[in-house]
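Colleague: Numbering (numbering that gives the first Met the number 0), first residue to last: 0 to 963.
Hints are computed from structural coordinates only; laboratory data are not their basis. Predicted model only: the values in this text are computed from it and were never measured. Ideal placement from N, C-alpha and C gives every residue a C-beta, glycine not left out. Please note that a few of the clues may not be correct.
What the hints assert, rightly or not - Straight-line distance between alpha carbons at most 25 Å, and here's what the computed SDA-like set of lysine to any residue pairs gives:
{"#": "1", "residue 1": "838", "residue 2": "861"}
{"#": "2", "residue 1": "640", "residue 2": "669"}
{"#": "3", "residue 1": "640", "residue 2": "841"}
{"#": "4", "residue 1": "321", "residue 2": "114"}
{"#": "5", "residue 1": "664", "residue 2": "759"}
{"#": "6", "residue 1": "708", "residue 2": "755"}
{"#": "7", "residue 1": "234", "residue 2": "296"}
{"#": "8", "residue 1": "230", "residue 2": "181"}
{"#": "9", "residue 1": "841", "residue 2": "865"}
{"#": "10", "residue 1": "838", "residue 2": "856"}
{"#": "11", "residue 1": "944", "residue 2": "925"}
{"#": "12", "residue 1": "838", "residue 2": "759"}
{"#": "13", "residue 1": "891", "residue 2": "853"}
Stated by the list, open to error - Beta-carbon label-pair distances, calculated as ranges:
{"#": "14", "residue 1": "834", "residue 2": "372", "range": "37 to 43 Å"}
{"#": "15", "residue 1": "472", "residue 2": "224", "range": "27 to 33 Å"}
{"#": "16", "residue 1": "209", "residue 2": "427", "range": "23 to 29 Å"}
{"#": "17", "residue 1": "61", "residue 2": "429", "range": "41 to 47 Å"}
{"#": "18", "residue 1": "404", "residue 2": "792", "range": "56 to 62 Å"}
{"#": "19", "residue 1": "345", "residue 2": "104", "range": "41 to 47 Å"}
{"#": "20", "residue 1": "5", "residue 2": "242", "range": "31 to 37 Å"}
{"#": "21", "residue 1": "886", "residue 2": "852", "range": "22 to 28 Å"}
{"#": "22", "residue 1": "404", "residue 2": "342", "range": "26 to 32 Å"}
{"#": "23", "residue 1": "600", "residue 2": "429", "range": "40 to 46 Å"}
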Amino acid sequence: MHRKKVDNRIRILIENGVAERQRSLFVVVGDRGKDQVRPGKCFLTFHRKKRMRQLQKKIKNGTLNIKQDDPFELFVAATNIRYCYYNETHKILGNTFGMCVLQDFEALTPNLLARTVETVEGGGLVVILLRTMNSLKQLYRTEAHQDVVGRFNERFILSLASCKKCLVIDDQLNILPISSHAASIEALPPQTPDESLGPSDLELKELKESLQDTQPVGVLVDCCKTLDQAKAVLKFIEGISEKTLRSTVALTAARGRGKSAALGLAIAGAVAFGYSNIFVTSPSPDNLHTLFEFVFKGFDALQYQEHLDYEIIQSLNPEFNKAVIRVNVFREHRQTIQYIHPADAVKLGQAELVVIDEAAAIPLPLVKSLLGPYLVFMASTINGYEGTGRSLSLKLIQQLRQQSAQSQVSTTAENKTTATARLASVRTLHEVSLQESIRYAPGDAVEKWLNDLLCLDCLNITRIVSGCPLPEACELYYVNRDTLFCYHKASEVFLQRLMALYVASHYKNSPNDLQMLSDAPAHHLFCLLPPVPPTQNALPEVLAVIQVCLEGEISRQSILNSLSRGKKASGDLIPWTVSEQMGYGSRALQLLQMYYEGRFPCLEEKVLETSREIHTVSSEAVSLLEEVVTPRKDLPPLLLKLNERPAERLDYLGVSYGLTPRLLKFWKRAGFVPVYLRQTPVSEACGKEGTLMDEEEADQGAWLSAFWKDFRRRFLALLSYQFSTFSPPLALNILQNRNIGKPVQPALRREELEALFLPYDLKRLEMYSRNMVDYHLIMDMIPAISRLYFLNQLGDLALSAAQSVGYLLLVCWLCGALEKEIELPSGQLMGLFNRIIRKVVKLFNEVQEKAIEEQMVAVKDVVMEPTMKTLSDDLDEAAKEFQEKHRKEVGKLKDMDLSQYVIRGDDEEWNDVLNKAGQNASIVSLKSDKKRKLEAKQEPKQNKKLKKNRDMKNKKDMKLKRKK
């Protein structure tokens, strides 16, 4: 095998790291970098389990040939390796390794980098393997995807030169020019153990000596490695010794400070103090490896023997890697240390001590549910691999701090005397923080490099004391991202201040957000700055930051690329800033709206075009061993005024955020309208529902009003289901929005009322309004009435704020649970509700009366008015009309046949009839010459026969004449 002399500086760097108990970073460029790795303990990010089993089988059978086998196979055979995929790195949290090898750099995200590097102990190595390339600039000068600009990779490569414990080498272990500081590496002189002790080490030694006579505390403190860890264990044991079960001890620190070890020693102390039911929870049992390791170290210090005094039960689930899930202690009495899942808070009924490790990685609602009437130890990372501890520190710990400060909680008259209320009223919070690292010594160069690269420690930057200017005097500037991420000293200071504002105001920031901010093509940055004097040369303080995502600017192909890679945006599109309390956030948002509305016309004749593509570097341009990587020189200005850059044309402004009352108030005040509310928590860390709010631009249609109506209708329907946990003021604040204007709704009609309620239902309402029945009799009608009210279908029904809140509560909850929501006794609450129902009944009666009134015939009033003609003229006109009419009728009578009305008989005949009838006769008859009916029937037949004979005679006469 060909052997080569290795550069002595590599050996010196590793030996110095071991002597100083600090880590070293190696970046190996080339495909054969794997041949140069041989640590004592490491984990790899590629899957070689099958080869490892084959080599172990060869070793067992004695058939392994060292000369013939590959050096990498020898490394695998001689090393204890923990294999881990990138998507499984959450399982190694809390573990410690001697070396970390990261392969497949293209798939490495900032989250994974921070998560894995922090598991390496002092004196260990972090090795990053890069594929073969002729130029380091190819990492950021060649685009892996069309829609990504590699600013983060550029900054990553440039940052390697600033790390004094980093060497960039090729796969033949030649040091590259970017590691120019390697020329000054010198071996450290040997030191005695006493000379290597610092002030904190001496104080820790004194503390251990002073506690030798105090047992079992003394032996547990002897297991601590740092002074901070020893003080944390003492604080834990102080809470254990009280045995009041009313304390919460919150331990917060950065990664690798010994939190899990302190919790393990505290659990051993709780067992020594006689605690029987101890529960431990974590995102995964695999995360508790270090915790249980130090539980057993504490048992050894307390002289507990396995199998005689306690037994260990490991998980049979292969995903948990034989993790410990239960410890049964039976030295004095039966005691149990049991792992439970964070979602199993209902199983903590008999708990005396609950230990929550890695609380920041557990959803915040689950952490809240784990708190109860027992002793709680909680440890969390507040900055580091994901930064989710901001949610814990900003929300949960802040709430616990407020509850602890209150001497007595606000309770109602019914439960003030209960034991639970008395216990909650005196619950205390103890906060402990760890500063010194356990795995490596203070001043670790790799830690400082990682914190600067990923802005993990940006909250500790010095602030510029310049007072608080008026919001109206501040100006909004556009931030050029090429200049911001160029790794220049001034731009780095500005970037740290931007990220400090992000972390301080947003509870779910992660290093991945930094990469999205730098590389995403559709994202833009704006910052609000105070007035800058002309003589000032330094960068001013950043008051507010706005991150804008132009969704419509991305092409269809880019969208399809993102979807195929499964990328999902994390966090807020426009993060809310803490500075909005001073009015800076509102001012920044106002200027941004004015900018996109075109109120800042671009005054520049020639607009600076920023190239979206990064120029590629050809493989023949420069040699890897001769290349010098430095920050770019030809960069545009970092900050641009709004009138120096044309605005993109927008249809609307939108925001997405986790719903809280304060955020909703801020965005409503800015003129935004909610259009969507996610039914499941959008953030696992904070457990809040995601909200989308839009603001319509000036010359657009009424589409936003239509979305708002649909959102309000659906939100009301879900208020009794998915959104039933919302507080009444929050739900009422969502339903009421003046930015959209009060929509014009048609008045409620009788047909709609009858479709919703029967006459019997309306009668029940009326009886309740008169206090004749209980409210339970009408509860089935409340959802329908509330829907009519909040959809503005009840006309001008005006309710006060308290009545609206009470009404909304009764829509979704029973009256007995309302006292916890608003500070009103049930009597007053029912009085408000009764007044609401009275107004509703009155309105329903008006609707019915109006419908009946429309069906009735209208009564016409007689209106007496003086005529235009005199009485004589009117009579003359009427006489003429009568005469004309009479003349026409007489003319008609003349043309008629009146013979049938002629009176028969002459005077003599009438005299004879009258004389014969006498004076008393009322009816007289006169013989008529008209024939009877029978005779009248026979006469036509005779006439017809005579006519026939006459016709025949006439025909014969005609024939005779013709013959003659």
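Colleague: Taking the earlier hints as the rules, which of them does this structure contradict?
Modeller: 1, 3, 5, 8, 9, 10, 11, 13, 15, 17, 18, 20, 21 and 23
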